[in-house]
Amino acid sequence: MQDYELIKRIRQGERALFGELAERYYDVIYCYCYYQTGNEQAAWDCTQETFYHLMRFLDTYTEKGKFKAYLLRIALNACRDYFRQSKNDNIPYDAFAEISTTEDKYPVPKTDICSSALQHPSPENQVETGIMIQNALNQLPEFQRETIILFYYYGYKQREIAKITGVPLSTVKTRLRAATEKLRDTLFPSEERRIP
Amino acid sequence: MKRSKKNDDEQLKTLLQQNIPPKPDSQKRQMLIRKLSADAADMDYLEPESFSEKILTTGSYFSPWTWLAFAVSLGLFLCGVKSENLAQAYSYLLCLAPGLTLILLSELSKTFGHNMWEMEAVCRYNLPRLFLMRLTLISGIDFGVMAFCFVTFHRAGGLFWEFALYALLPFFLLSALCLLLMRHLGNRCNRMGLLAVIIFAEAVWVPFTDAFWRFQHRFGNDVTEKVVLCATVLALLFYLGSAVALCTKKYYGNTGKGKIIWN
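Those sequence lines, one after another, are chains B and W.
Quick note: to get my numbering, add 9 to the position in the first sequence (first position is 1).
Quick note: to get my numbering, add 10 to the position in the second sequence (first position is 1).
No lab work stands behind these hints, which were simulated from the structure alone.
Bear in mind the structure is a predicted one, so any value in this text is a computation, not a measurement.
Check each hint, because a few of them may be wrong.
Calculated pairs, DSBU-like style, for lysine-lysine (alpha carbon to alpha carbon, straight line, at most 30 Å) [to be verified]: (1) B:Lys166 with W:Lys16; (2) B:Lys73 with W:Lys23; (3) W:Lys45 with B:Lys17; (4) B:Lys182 with W:Lys16; (5) W:Lys259 with B:Lys172; (6) B:Lys75 with B:Lys182; (7) B:Lys96 with W:Lys38; (8) B:Lys75 with W:Lys64; (9) B:Lys172 with B:Lys17; (10) W:Lys259 with B:Lys75; (11) W:Lys64 with B:Lys17; (12) B:Lys182 with B:Lys172; (13) B:Lys172 with W:Lys92; (14) B:Lys75 with W:Lys120; (15) B:Lys166 with W:Lys33; (16) B:Lys191 with B:Lys96; (17) B:Lys172 with B:Lys77; (18) W:Lys236 with B:Lys77; (19) W:Lys64 with W:Lys259; (20) W:Lys33 with B:Lys191; (21) W:Lys38 with B:Lys75; (22) B:Lys182 with B:Lys96; (23) W:Lys92 with W:Lys236; (24) W:Lys92 with B:Lys77; (25) B:Lys166 with B:Lys77; (26) B:Lys73 with B:Lys191; (27) W:Lys38 with B:Lys77; (28) B:Lys77 with W:Lys120; (29) W:Lys120 with W:Lys64; (30) W:Lys23 with W:Lys33.
Covered stretches of chain W (in silico footprint by chain B; criterion: 3 or more residues with CB under 8 Å from a CB of chain B, positions within the stretch not fixed) [claimed, not checked]: (31) 17 to 26; (32) 181 to 194.
Virtual Cβ for every residue (Gly too), placed ideally from N, Cα, C.
Can you make the complete structure from the sequences, with help from the hints?
So this is what it looks like as structure tokens:
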């Protein structure tokens with residue numbers, strides 16, 4: 010069943026189908042929230058928040074064949090709320106407790122582990138590399154991080170990211186360029202800088 | 011060695027793909043999905059409506075005074091035309107345009123009064139769409155009233171260009187002007203201010219009608235008809251353009267309070 014059909018049936022009264030819709034998109038939203046927050050508990054909270062908002066506002070959704078993007082926009086807002094709440098509650102900005110504890114074990118690369126991971130990918134060092142990448146992502150400002158996630162993990166084009174994040178295309182380009190540079194500097198510290 | 015941007019992007023993408031999030035706890039996941047299904051059962055969603063249903067719903071919220079005002083305008087006009095004095099019909103026609111514009115604006119300006127825009131935003135109404143519905147409905151009725159008046163006027167011996175000059179042109183121009191003012195002023199829009207604009211603009215229009223009569227004496231009916239027809243078409247386009255401008259503006263971002271409404 011297509012998303013639109015599912016949503017239509019939910020609106021028409023088959024409320025139990027909402028579970029099926031949630032089931033279909035749970036992983037997508039959970040992954041986004043995890044990349045954005047870097048914390049399993051926070052990702053779970055934001056995912057839950059996203060689906061409850063979807064439930065509340067489902068009747069305002071207009072079908073344009075972009076339900077996933079619509080849902081990601083809600084998830085993005087949920088993550089923004091989470092960070093705002095964290096700041097208000099005086100929780101340190103890097104509320105990534107689980108990662109922070111492993112950060113000492115796997116610090117942000119001072120050696121070129123990432124380069125070797127690219128040349129010789131293996132399941133053994135995948136966990137280590139994953140944590141390093143997540144730490145590098147966590148170091149990015151919130152708005153740059155969401156741009157990077159949508160671009161590299163979800164494969165959205167810059168124009169689509171502009172629509173999802175609600176900023177002009179030029180802003181997306183600037184954020185993407187700055188974030189990519191920062192990520193490269195963090196993940197490949199020993200490589201020469203690219204000549205523009 | 012100089013590296014290309016495409017290779018850099020590919021390299022970064024390949025590396026980022028190695029960051030695989032931990033699998034979500036399946037028990038927690040199932041529990042959330044069950045809870046969502048149960049909570050969704052209590053939700054009361056608005057039924058999706060067709061355009062005509064939306065129009066009818068919008069109409070049901072109009073004040074009875076609006077309908078009464080339409081009826082009174084029509085009645086007055088019919089009385090004026092039946093008096094067999096065409097000169098008197100012109101003055102009734104001149105009153106018809108500001109009367110209809112006033113009805114249109116009175117309904118539209120309710121959206122801005124008493125912070126209604128805020129209420130509508132909170133209640134998840136789409137303000138531009140609401141404008142579109144109201145404009146479509148009232149404009150439709152206005153055009154109906156105008157068509158009826160024209161037929162009556164024509165039967166009484168009036169010409170089309172006379173009707174356009176006294177009723178259509180001032181109606182389109184006045185309405186377009188007021189719609190643009192509403193768009194520009196937003197929630198600062200004041201009904202009394204709009205009424206003053208209408209009276210002033212109508213007072214300015216009366217000398218113009220005399221000018222057209224002089225024009226008609228000099229060039230004849232055919233040329234005058236063509237000129238008035240062209241002016242009416244332009245005025246109609248101006249009116250439609252203003253209506254589109256009003257219906258496409260985003261008001262939420264212009265509240266000046268920096269408040270962003272969810273989604």
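So, going through the hints one by one against the coordinates:
For the suggested pair B:Lys166 and W:Lys16, the alpha carbons sit about 15 Å apart, so the restraint of at most 30 Å is met. For a cut-off of 30 Å, the pair hint linking B:Lys73 to W:Lys23 stands: about 29 Å separates their Cα positions. Our distance criterion of 30 Å between C-alpha atoms is met by W:Lys45 and B:Lys17, whose separation comes to about 21 Å. Restraint check: the Cα-Cα separation between B:Lys182 and W:Lys16 comes to about 15 Å, which is no more than 30 Å; the hinted pair holds.
Of the pairs offered as hints, the one joining W:Lys259 and B:Lys172 holds, with about 17 Å between alpha carbons and a cut-off of 30 Å not exceeded. As the CA atoms of B:Lys75 and B:Lys182 are separated by approximately 22 Å, the hinted pair is consistent with the 30 Å bound. Distance check on the hinted pair: B:Lys96 and W:Lys38 sit about 27 Å apart at the alpha-carbon level, within 30 Å; holds. A C-alpha spacing of about 24 Å is found between B:Lys75 and W:Lys64, which places the hinted pair at or below 30 Å, so the restraint holds.
About 24 Å separates the Cα atoms of B:Lys172 and B:Lys17, which keeps this hinted pair within 30 Å; it holds. In summary, the hint linking W:Lys259 to B:Lys75 is supported, as the alpha carbons are separated by about 23 Å, within the 30 Å threshold. Only pairs whose Cα atoms come within 30 Å are accepted, and W:Lys64 paired with B:Lys17 is accepted, the gap being roughly 18 Å. At most 30 Å may separate the alpha-carbon atoms for a hinted pair to count; B:Lys182 and B:Lys172 meet this at roughly 13 Å.
Note on B:Lys172 and W:Lys92: the hinted pairing is violated, with a Cα-Cα distance of about 59 Å set against a maximum of 30 Å. The straight-line distance between the Cα atoms of B:Lys75 and W:Lys120 is roughly 35 Å, outside the 30 Å bound, and the hint therefore fails. Distance restraint check for B:Lys166 and W:Lys33: the Cα-Cα separation of roughly 27 Å lies within the 30 Å cut-off, and the hinted pair is therefore satisfied. Taking the CA atoms of B:Lys191 and B:Lys96, the gap is about 23 Å. The hint holds against a cut of 30 Å.
This hinted pair checks out: B:Lys172 and B:Lys77 have alpha carbons roughly 13 Å apart, not beyond 30 Å. Using a Cα cut-off of 30 Å, the hinted pair W:Lys236 and B:Lys77 is violated, with the two alpha carbons roughly 55 Å apart. Restraint check for W:Lys64 and W:Lys259: satisfied, since their Cα atoms lie roughly 20 Å apart, inside the 30 Å limit. A hinted pair counts as satisfied when its Cα atoms are at most 30 Å apart, and W:Lys33 with B:Lys191 qualifies at roughly 28 Å.
This hinted pair checks out: W:Lys38 and B:Lys75 have alpha carbons roughly 27 Å apart, not beyond 30 Å. For the hint linking B:Lys182 to B:Lys96, the alpha-carbon distance of about 27 Å falls within 30 Å, and the restraint holds. Proposed proximity of W:Lys92 and W:Lys236 is supported: the alpha carbons are some 28 Å apart, at most 30 Å. Between the alpha carbons of W:Lys92 and B:Lys77 the distance comes to roughly 63 Å, so the proposed pair goes past 30 Å and is violated.
This hinted pair checks out: B:Lys166 and B:Lys77 have alpha carbons roughly 14 Å apart, not beyond 30 Å. Simply put, B:Lys73 and B:Lys191 have alpha-carbon atoms about 35 Å apart, too far for the 30 Å limit, and the pair is violated. Between W:Lys38 and B:Lys77 the alpha-carbon distance is near 22 Å, which keeps this suggested pair within the 30 Å criterion. A C-alpha spacing of about 37 Å is found between B:Lys77 and W:Lys120, which places the hinted pair above 30 Å, so the restraint is violated.
Restraint check for W:Lys120 and W:Lys64: the C-alpha separation of about 18 Å stays at or below 30 Å, so the hint holds. About 21 Å separates the Cα atoms of W:Lys23 and W:Lys33, which keeps this hinted pair within 30 Å; it holds. For the segment 17 to 26 of chain W, the stated coverage by chain B holds: 8 residues have a C-beta nearer than 8 Å to a C-beta of that chain, and at least 3 were required. Note: the segment 181 to 194 of chain W has 0 residues with beta-carbon separation from chain B under 8 Å; the three-residue rule is not met and the coverage is violated.
This entry does not satisfy hints 13, 14, 18, 24, 26, 28 and 32, going by the numbered hints stated previously.
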